[in-house]
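> One letter stands for each residue in the lines below.
There are 2 protein chains.
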Amino acid sequence: MMFLTAVVLLAAAATAHPWHPEASSWPAFPPSSGSNSSSNDKTQQVFFGRFISAPGPNELSIKTGAVLVTSSDGRGTIEAAVWDVQDVQSATSQLGVSSEVPVVQAADDGFFFPGFIDAHIHAPQYPNLGLFEGTLLEWLEKYTFPMESSLSTTESPMYANATTPPDPYARALEVYTGVIKTTLSYGTTTASYYATIDVETTNLLAQLAYSIGQRAYVGRTCQDNQEYNPSYYKDESTEDAINKTWASIKYIQNLDPSGELVAPIVTPRFAPSCTNESLTELGKIANETGLRLQMHMDENVKEVALVAEMYPESKSYAGVYDDHGLLTNRSILGHAVHLTDEEMDLVAAREAKVAHCPASNSALGSGLAQVRKMMSKGIVVGLGTDTAGGYSPSILETVRQAFLVGRTLSYLDNDNRSLDVPTTMALYLGTMGGAKVVSMDGKLGGFEAGMLWDVQEIVLDKTGPVDIFGWETWNERVSKWVWNGNNQNVNRVWVGGRLVSERS
Amino acid sequence: MMFLTAVVLLAAAATAHPWHPEASSWPAFPPSSGSNSSSNDKTQQVFFGRFISAPGPNELSIKTGAVLVTSSDGRGTIEAAVWDVQDVQSATSQLGVSSEVPVVQAADDGFFFPGFIDAHIHAPQYPNLGLFEGTLLEWLEKYTFPMESSLSTTESPMYANATTPPDPYARALEVYTGVIKTTLSYGTTTASYYATIDVETTNLLAQLAYSIGQRAYVGRTCQDNQEYNPSYYKDESTEDAINKTWASIKYIQNLDPSGELVAPIVTPRFAPSCTNESLTELGKIANETGLRLQMHMDENVKEVALVAEMYPESKSYAGVYDDHGLLTNRSILGHAVHLTDEEMDLVAAREAKVAHCPASNSALGSGLAQVRKMMSKGIVVGLGTDTAGGYSPSILETVRQAFLVGRTLSYLDNDNRSLDVPTTMALYLGTMGGAKVVSMDGKLGGFEAGMLWDVQEIVLDKTGPVDIFGWETWNERVSKWVWNGNNQNVNRVWVGGRLVSERS
Numbered sequence: 435m436m437f438l439t440a441v442v443l444l445a446a447a448a449t450a451h452p453w454h455p456e457a458s459s460w461p462a463f464p465p466s467s468g469s470n471s472s473s474n475d476k477t478q479q480v481f482f483g484r485f486i487s488a489p490g491p492n493e494l495s496i497k498t499g500a501v502l503v504t505s506s507d508g509r510g511t512i513e514a515a516v517w518d519v520q521d522v523q524s525a526t527s528q529l530g531v532s533s534e535v536p537v538v539q540a541a542d543d544g545f546f547f548p549g550f551i552d553a554h555i556h557a558p559q560y561p562n563l564g565l566f567e568g569t570l571l572e573w574l575e576k577y578t579f580p581m582e583s584s585l586s587t588t589e590s591p592m593y594a595n596a597t598t599p600p601d602p603y604a605r606a607l608e609v610y611t612g613v614i615k616t617t618l619s620y621g622t623t624t625a626s627y628y629a630t631i632d633v634e635t636t637n638l639l640a641q642l643a644y645s646i647g648q649r650a651y652v653g654r655t656c657q658d659n660q661e662y663n664p665s666y667y668k669d670e671s672t673e674d675a676i677n678k679t680w681a682s683i684k685y686i687q688n689l690d691p692s693g694e695l696v697a698p699i700v701t702p703r704f705a706p707s708c709t710n711e712s713l714t715e716l717g718k719i720a721n722e723t724g725l726r727l728q729m730h731m732d733e734n735v736k737e738v739a740l741v742a743e744m745y746p747e748s749k750s751y752a753g754v755y756d757d758h759g760l761l762t763n764r765s766i767l768g769h770a771v772h773l774t775d776e777e778m779d780l781v782a783a784r785e786a787k788v789a790h791c792p793a794s795n796s797a798l799g800s801g802l803a804q805v806r807k808m809m810s811k812g813i814v815v816g817l818g819t820d821t822a823g824g825y826s827p828s829i830l831e832t833v834r835q836a837f838l839v840g841r842t843l844s845y846l847d848n849d850n851r852s853l854d855v856p857t858t859m860a861l862y863l864g865t866m867g868g869a870k871v872v873s874m875d876g877k878l879g880g881f882e883a884g885m886l887w888d889v890q891e892i893v894l895d896k897t898g899p900v901d902i903f904g905w906e907t908w909n910e911r912v913s914k915w916v917w918n919g920n921n922q923n924v925n926r927v928w929v930g931g932r933l934v935s936e937r938s
Numbered sequence: 435m436m437f438l439t440a441v442v443l444l445a446a447a448a449t450a451h452p453w454h455p456e457a458s459s460w461p462a463f464p465p466s467s468g469s470n471s472s473s474n475d476k477t478q479q480v481f482f483g484r485f486i487s488a489p490g491p492n493e494l495s496i497k498t499g500a501v502l503v504t505s506s507d508g509r510g511t512i513e514a515a516v517w518d519v520q521d522v523q524s525a526t527s528q529l530g531v532s533s534e535v536p537v538v539q540a541a542d543d544g545f546f547f548p549g550f551i552d553a554h555i556h557a558p559q560y561p562n563l564g565l566f567e568g569t570l571l572e573w574l575e576k577y578t579f580p581m582e583s584s585l586s587t588t589e590s591p592m593y594a595n596a597t598t599p600p601d602p603y604a605r606a607l608e609v610y611t612g613v614i615k616t617t618l619s620y621g622t623t624t625a626s627y628y629a630t631i632d633v634e635t636t637n638l639l640a641q642l643a644y645s646i647g648q649r650a651y652v653g654r655t656c657q658d659n660q661e662y663n664p665s666y667y668k669d670e671s672t673e674d675a676i677n678k679t680w681a682s683i684k685y686i687q688n689l690d691p692s693g694e695l696v697a698p699i700v701t702p703r704f705a706p707s708c709t710n711e712s713l714t715e716l717g718k719i720a721n722e723t724g725l726r727l728q729m730h731m732d733e734n735v736k737e738v739a740l741v742a743e744m745y746p747e748s749k750s751y752a753g754v755y756d757d758h759g760l761l762t763n764r765s766i767l768g769h770a771v772h773l774t775d776e777e778m779d780l781v782a783a784r785e786a787k788v789a790h791c792p793a794s795n796s797a798l799g800s801g802l803a804q805v806r807k808m809m810s811k812g813i814v815v816g817l818g819t820d821t822a823g824g825y826s827p828s829i830l831e832t833v834r835q836a837f838l839v840g841r842t843l844s845y846l847d848n849d850n851r852s853l854d855v856p857t858t859m860a861l862y863l864g865t866m867g868g869a870k871v872v873s874m875d876g877k878l879g880g881f882e883a884g885m886l887w888d889v890q891e892i893v894l895d896k897t898g899p900v901d902i903f904g905w906e907t908w909n910e911r912v913s914k915w916v917w918n919g920n921n922q923n924v925n926r927v928w929v930g931g932r933l934v935s936e937r938s
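Chains A and B, in that order, are what the protein sequence lines are.
Take 435 as the starting number for the first sequence in this note's numbering and just add one per residue.
Take 435 as the starting number for the second sequence in this note's numbering and just add one per residue.
Note that these hints are calculated values from the structure, not bench results.
Where a beta carbon is used, it is the ideal one built from N, C-alpha and C, also for glycine.
Any given hint could turn out to be false.
[Unchecked claim] With a straight-line cut-off of 20 Å between C-alpha atoms, the simulated PhoX-like cross-links for lysine-lysine are:
id, chain 1, residue 1, chain 2, residue 2
1, A, Lys896, B, Lys870
2, A, Lys870, A, Lys811
3, A, Lys615, B, Lys896
[Stated by the list, open to error] Chain A is faced by these chain B residues, among others (derived, beta-carbon under 8 Å):
id, residue
4, Ala514
5, Leu565
6, Met778
7, Ala797
8, Ser826
9, Asp849
10, Asn850
11, Ser852
12, Gly876
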């Protein structure tokens, strides 16, 4: 009942706002399985050239060949691959495809690389990239909550001095379109998004990701704690929070019934923004639906102390989530900087995943996450930009910061190199590691048959910032790309076989 | 005598190599004072628009107005400035210039900003940006010495597997042209360059900076220690080292007798590469000529231990330099990560300067330099990319890393915010601080009358990576630029009033 009411309200809202894009005017993507067209040449593509990936934490794979991608099922899956083939004709012949199948070639000075996976990103904070002050709790009050609320209410402090506040929904449309297109331009093919408390614009974010073609998990943030959350930006009650959570879940599931391109994600923002009651209810929802979950954990020392004070009955921050059934093998824990050994063991036992956000942790002075220690305990780790605690929308920048934080930890521990996060490992975290974090293990992060074609074409030409002299090995070229590359090196981006971004 | 021989040899070398650019075919810059043309309109320019700078470590200045730049003396100096003027006509009228004087306007969505000063950069390592492994001493052996030697000898290990080694001088021309043009494109108007042990290509670097128009201090590295330096890359003896030092000094002084655009800098690379004898001689040269000096100091824990072993008679690393007369008020100490309190006091007493290289220190795991502590002791600090220990040619990236290192130090010292290096302070270090470090205090780093017009025009348009929504204050726009800007935001760059780089 609650759900039906919400959907009706949403439908009304959708027509009430002239800014609201009409889903019907967009190309269906992926083609609904109901109208499954018969397999024909147009649904096949061959990709030929250099393929580079990080299939393991210490392994950089560089090979030349071709893959056949079939989109007839609407999923853009790698059907077959041939390696060590140096020309297109041999490749298509070995793949057994007709000459009419289109062949997409990687630039000679470039390569295909698995799309990046941003396992922790706040879509509404996109305009705040590069704006921060103080540490976590002050920053939330000064920058984050005002910006997030400005996308759904004119009561936001952002508009305190405006004579005529702008339409918050128009702003949401601009911001969400911006964050999707920008992160795609940096090669992020999958994003696990925190939206806001607002259902309508959370759904808008899902809709935009679906239409633009970015793989996305979209979560309405739960903020029913009446003491912690600001008066202008909170759920009215636990019931209100849960109703709205369901409303957004149902809308997004209706948008993409397969859940493969866009899916809802249960999002108890972080323990302080919630209550025992909402945490319990969200745990039930996640258990009932089998959906992914995402939340912040152990980001900042003061936050950890606050949680201990707010949840005295739990043994630790991880314990709070575990006590409410929120630590599952589909849970993405953002930051995870200050875990005790006991918390690490608990997280490992529950098979919950970690989104490492080094740029954010360093910029906000949150601390140095023990990535190698967590990995050695069997915890699966991926990377998150944490836009806009992190200042950059780029997972490549996050790769660099993961390296630098690892190196600083090594230095502080008397040059203990077992704490290093080498660039290959950081690339692994940003692709294959991320795939495991978002429960897409075996579907994303590489070039194996059966995987989805979520790929970026990197070029190291004069347009971009990477200066190649010509004598460098390909290992060295990858290292040069890691350290100076940006979206000028991302020529084309595909999600599920569909071309979704091209360098302008 | 020694000098004359060297110059003759150089002249011979210049004609012997077909790659060697002919100085006579380049525009003289600045016009030699001998042919000083009379002041006329063509030597004047007005710059109008928004001017942003960091005149003090805690001060960001944002103002609109115009400055009159006079180039008739070949120096491109700010003659007068008017502020709080909103239109060009009022500005030129208040400046008292005729309507024929050309007016250069900053873009509406942009601003003039003082050119960056890179106080520590290795020109020959430019092709190694993004390539590093291990910590300092291993990295020097594996990447640095092979690359540096490859610019002057076919004996370099870089060519070990080459069937036909390329012409090292042609490579030097390519690399040095690349580093100058690239750093200019990132807004670096002044660079304090380490070259190599080779005189001819060190002079080539000076010549290229002079012709392309980057303000540059160019130093031949002294490496006469027969045990420490690799066999393929060392001076033959102390006498050889000193002869070559003089040869390069004289050549560069002859190239720019004013010493204002390009000047030699005495460069005892670092204590391990030298001997007591060469350090003594270099101290005498610096004292005799009044030239600037540059050297590495206290970069890495193992290096500090090595120096203690090699120079047991000195009290500390700073003491080694001081004992040889190398700690002067014109000395630029690269890195300065591991100074003891006594070393800081010594450096402060000698008024020697520090080039903080946070990107390099973090990437090589060298440590966290105590910038705020050094500043509180009165030591003047600027920024260096340390290309290619640092992975980026950009001082703006160095600004970001200076902030992140300061924030990490704050975190490690229980959120002690007095260790922070806020972005305004980091921008100050990269401009005004750098001006003091390279002994150009009062001439570079700001927009005051009497200062040189070494300026970059920053634009925050859609071409670049900074996403401006329109509601941001200018303080916020600067912060967004700091965190996501790159050379796509650098529209034009001037040195001494001359336009030397334009965005392509």
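> Confirm or reject each hint.
Against the structure, the hints:
A C-alpha spacing of about 35 Å is found between Lys896/A and Lys870/B, which places the hinted pair above 20 Å, so the restraint is violated. Using a Cα cut-off of 20 Å, the hinted pair Lys870/A and Lys811/A holds, with the two alpha carbons roughly 16 Å apart. In summary, the hint linking Lys615/A to Lys896/B is supported, as the alpha carbons are separated by about 13 Å, within the 20 Å threshold. The restraint placing Ala514/B at the interface with chain A is violated, with a minimum CB-CB distance near 34 Å, outside the 8 Å limit.
A distance limit of 8 Å between C-beta atoms decides the matter here; for Leu565/B the minimum to chain A is near 6 Å, and the interface restraint holds. Because the closest C-beta pair between Met778/B and chain A is about 20 Å apart, greater than 8 Å, the hint is violated. For Ala797/B, the interface hint holds, since its Cβ comes within 8 Å of a Cβ in chain A; the closest pair sits about 7 Å apart. Here the hint on Ser826/B is kept, as its CB sits about 6 Å from the closest CB of chain A, short of 8 Å.
With its C-beta approaching chain A no nearer than about 7 Å, Asp849/B sits inside the 8 Å limit, and its interface hint holds. For Asn850/B, the suggested interface contact is broken, since its CB lies about 10 Å from the closest CB of chain A, more than 8 Å. This hint is violated: Ser852/B has a C-beta 13 Å from the nearest C-beta of chain A, more than the 8 Å allowed. The closest approach between the C-beta of Gly876/B and any C-beta of chain A is roughly 31 Å, which is over the 8 Å cut-off, so the hint fails.
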